[in-house]
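Following the hints, put chain B in place on chain A, whose structure we already have.
Just so you know, the protein sequences line up as chains A and B, in that order.
Residue numbers for the first sequence follow the working numbering, so the first one is 1 and each next one is one higher.
Residue numbers for the second sequence follow the working numbering, so the first one is 1 and each next one is one higher.
Derived by calculation from the structure, the hints in this document are not laboratory data.
Quick caveat, the model's predicted, so the values are computed rather than measured.
Don't be surprised by glycine CBs; every beta carbon is placed ideally from N, CA and C.
Treat each hint with caution, since some may be false.
[To be verified] A few chain A positions that, by computed beta-carbon distances, are all more than 10 Å from chain B:
{"id": "1", "residue": "THR12"}
{"id": "2", "residue": "ASN86"}
{"id": "3", "residue": "SER98"}
{"id": "4", "residue": "THR117"}
{"id": "5", "residue": "ARG120"}
{"id": "6", "residue": "GLY130"}
{"id": "7", "residue": "ASN137"}
{"id": "8", "residue": "GLY141"}
{"id": "9", "residue": "SER165"}
{"id": "10", "residue": "ILE180"}
[To be verified] Here are a few chain A residues that face chain B, going by a calculated C-beta distance under 7 Å:
{"id": "11", "residue": "ALA77"}
{"id": "12", "residue": "ALA81"}
{"id": "13", "residue": "ALA83"}
{"id": "14", "residue": "ARG85"}
{"id": "15", "residue": "GLU88"}
{"id": "16", "residue": "LEU101"}
{"id": "17", "residue": "LEU102"}
{"id": "18", "residue": "MET105"}
Chain by chain, the residues run as shown.
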Amino acid sequence: MSNQSDKSKDSTLAALLKEKPKRGRPRHDVSRQNVYVALTVLEKSHMRNLSKEMPKSIVRADVPDLAVTILSARLEAMRRAVADRNREIPEGVTDFDSLYLLWDMMIPDSDEERKWTSIRLSPQEAIELGRVQGTLNAAFGATRSDTFSLGLALLTQYLEDHTLSADLSLSDVRNQIINIYL
Amino acid sequence: MANKFEFDIEQYKPDWDRLGVVVPPFTIEADPRFMYLSTETRRALSKVSYMVEAGQGASVIVGEIGTGKTTLASWFHSRYHRRPDFVAAKIDETPKKSGLLLLRRIAAEFGLRTRRATEDQLNEFRAFLIEQTEKGVLPLIIIDEAHELFPEQFVELRRLLNFRDPKGGKAYQLVLLGRPELDINLREVPDFNDRVATRSSLDPLTPDDTKSLIEYRLLAAGRTSKMPPLFTDEAILPIWRETRGYPRSICMLCLHLCLEFLSTDGLQIDEPFVIQFLEKHYDYRQAAD
Numbered sequence: 001m002s003n004q005s006d007k008s009k010d011s012t013l014a015a016l017l018k019e020k021p022k023r024g025r026p027r028h029d030v031s032r033q034n035v036y037v038a039l040t041v042l043e044k045s046h047m048r049n050l051s052k053e054m055p056k057s058i059v060r061a062d063v064p065d066l067a068v069t070i071l072s073a074r075l076e077a078m079r080r081a082v083a084d085r086n087r088e089i090p091e092g093v094t095d096f097d098s099l100y101l102l103w104d105m106m107i108p109d110s111d112e113e114r115k116w117t118s119i120r121l122s123p124q125e126a127i128e129l130g131r132v133q134g135t136l137n138a139a140f141g142a143t144r145s146d147t148f149s150l151g152l153a154l155l156t157q158y159l160e161d162h163t164l165s166a167d168l169s170l171s172d173v174r175n176q177i178i179n180i181y182l
Numbered sequence: 001m002a003n004k005f006e007f008d009i010e011q012y013k014p015d016w017d018r019l020g021v022v023v024p025p026f027t028i029e030a031d032p033r034f035m036y037l038s039t040e041t042r043r044a045l046s047k048v049s050y051m052v053e054a055g056q057g058a059s060v061i062v063g064e065i066g067t068g069k070t071t072l073a074s075w076f077h078s079r080y081h082r083r084p085d086f087v088a089a090k091i092d093e094t095p096k097k098s099g100l101l102l103l104r105r106i107a108a109e110f111g112l113r114t115r116r117a118t119e120d121q122l123n124e125f126r127a128f129l130i131e132q133t134e135k136g137v138l139p140l141i142i143i144d145e146a147h148e149l150f151p152e153q154f155v156e157l158r159r160l161l162n163f164r165d166p167k168g169g170k171a172y173q174l175v176l177l178g179r180p181e182l183d184i185n186l187r188e189v190p191d192f193n194d195r196v197a198t199r200s201s202l203d204p205l206t207p208d209d210t211k212s213l214i215e216y217r218l219l220a221a222g223r224t225s226k227m228p229p230l231f232t233d234e235a236i237l238p239i240w241r242e243t244r245g246y247p248r249s250i251c252m253l254c255l256h257l258c259l260e261f262l263s264t265d266g267l268q269i270d271e272p273f274v275i276q277f278l279e280k281h282y283d284y285r286q287a288a289d
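In isolation and in its complexed conformation, chain A is listed as follows (with noise of 0.2 Å):
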């Protein structure tokens, strides 16, 4: 009787294998690197957030990887609309904030205090938002964190706008939304 129960026991070795929910930070098959950037607090919260709308495998570490993504793409289709024209930029778009009024955002707070916050991205999206913010800074002085900021806010809109199925990845999120802008 007691040999029965001993059986249905696993052993030591069988549960130590066995796979379990893992604490700390999400393993990735690159390691992503550490960026710093300044955000209020309520951009950090709404972080957060934003991780819960997204499908069950995206975790809030995950989120500046997308807003990254959902910048870049952005902005290479405007790129590419006045490929015939001399500028990268329209015309029209005479400063950073102009970008959130033709993407039909609201303007953020500039008066809000920012705090200097570690993300964590992977080196593809760190060199997209060094590209981004090379951009944004030539023509307008834009920091590395306003860039952020804007891809913050234009992954908040892509949620709004679209519905994410529950059982997406993170690469099947990145692939759609580089098919839905590029």
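For chain B alone, kept in the frame of chain A given last:
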């Protein structure tokens, strides 16, 4: 012997130096140098310029009298006309009724030959488009007071929008600016209305924007930011209330306030000064007209 009727006109010119400006800061002329970019103006600029540069066809901007449509039209014309990849034609007043007359007016602005038959005129436009697109240049047509256009004129404009260069590239780009009736008129021409890529509206300014407009104009006229504000914060609200936030009315009232101020020895234009002026000169608008 000097004529007793002669007088020195110079002494009757306003002493703008006292305001710390080098040119009159408040005029009602549509001068793009003085264009204050309110949120609504920036929205219209960014959307319309994106559509123009992306070759999307027609864009529409509507706004009441004195909201800055003509200034915006001048801005588009001056900015795009000096770019090597654009050639711009601006029509300030549209000819009555005839579609051909409108085409002829646009042709004249582009420096094209004007023809007596509509088809011939359209052929001129087609040839011009091909010639320009070969050089990588996009023709842009800006029509101010577009609420005065007639349905038959919209038909001709739609035909212009249909033109493509043989390689399938971009066609004529069109920006229409007019009063809100323009939106109503467009509903009568659904074929054209469907071609409108973006619509923007210019609304009257908020009190904050009114303050920014006044400060911007003074700055653009040469007043340095180191000087104390000419208009106190409290003076803005009665100005906004009187003008209901219409930029042209704000400029006209501020011009009269400045002229009145120059005849006094005050240091700033404050709330009592504005209220007193409005009570004393309640008919200043009629006088200006």
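Here's how the hints hold up against the structure:
Against the 10 Å criterion, THR12(A) stays outside the reach of chain B, whose nearest CB is about 64 Å from its own CB. Not every CB of chain B lies more than 10 Å from the CB of ASN86(A), the least distance being 5 Å, so the non-interface label is violated. Non-interface call for SER98(A) relative to chain B: violated, since the shortest CB-CB distance, roughly 4 Å, does not exceed 10 Å. Listed as a non-interface residue, THR117(A) keeps its Cβ farther than 10 Å from every Cβ of chain B; the least gap is roughly 29 Å.
With a minimum CB-CB distance of about 32 Å to chain B, ARG120(A) clears the 10 Å threshold, and the non-interface call stands. With 10 Å as the threshold on Cβ separation, the claim that GLY130(A) sits away from chain B holds: the shortest Cβ distance comes to roughly 24 Å. The Cβ of ASN137(A) lies farther than 10 Å from every Cβ of chain B, with a closest approach of about 19 Å, so its non-interface assignment holds. Its beta-carbon lying about 17 Å from the closest one in chain B, GLY141(A) satisfies the requirement of being farther than 10 Å from that chain.
Under the 10 Å C-beta cut-off, the non-interface status given to SER165(A) relative to chain B holds; the minimum distance is some 31 Å. The non-interface label for ILE180(A) is consistent with chain B: the shortest C-beta to C-beta separation is roughly 17 Å, beyond 10 Å. Annotation: ALA77(A) was flagged as interfacial toward chain B, and the flag is violated, the nearest CB pair being 10 Å apart, outside 7 Å. A distance limit of 7 Å between C-beta atoms decides the matter here; for ALA81(A) the minimum to chain B is near 4 Å, and the interface restraint holds.
The beta carbon of ALA83(A) is not positioned within 7 Å of any beta carbon in chain B (closest approach about 9 Å), and the interface hint is therefore violated. The interface hint given for ARG85(A) holds, since its Cβ lies 5 Å from the closest Cβ of chain B, which is under the 7 Å cut-off. Hint status for GLU88(A): violated, given a least beta-carbon distance of 10 Å to chain B, over 7 Å. Annotation: interface hint on LEU101(A) holds; nearest CB of chain B at approximately 4 Å, less than 7 Å.
At about 4 Å, the closest approach between the beta carbon of LEU102(A) and any beta carbon in chain B falls short of 7 Å, and the interface hint on this residue holds. The restraint placing MET105(A) at the interface with chain B is violated, with a minimum CB-CB distance near 11 Å, outside the 7 Å limit.
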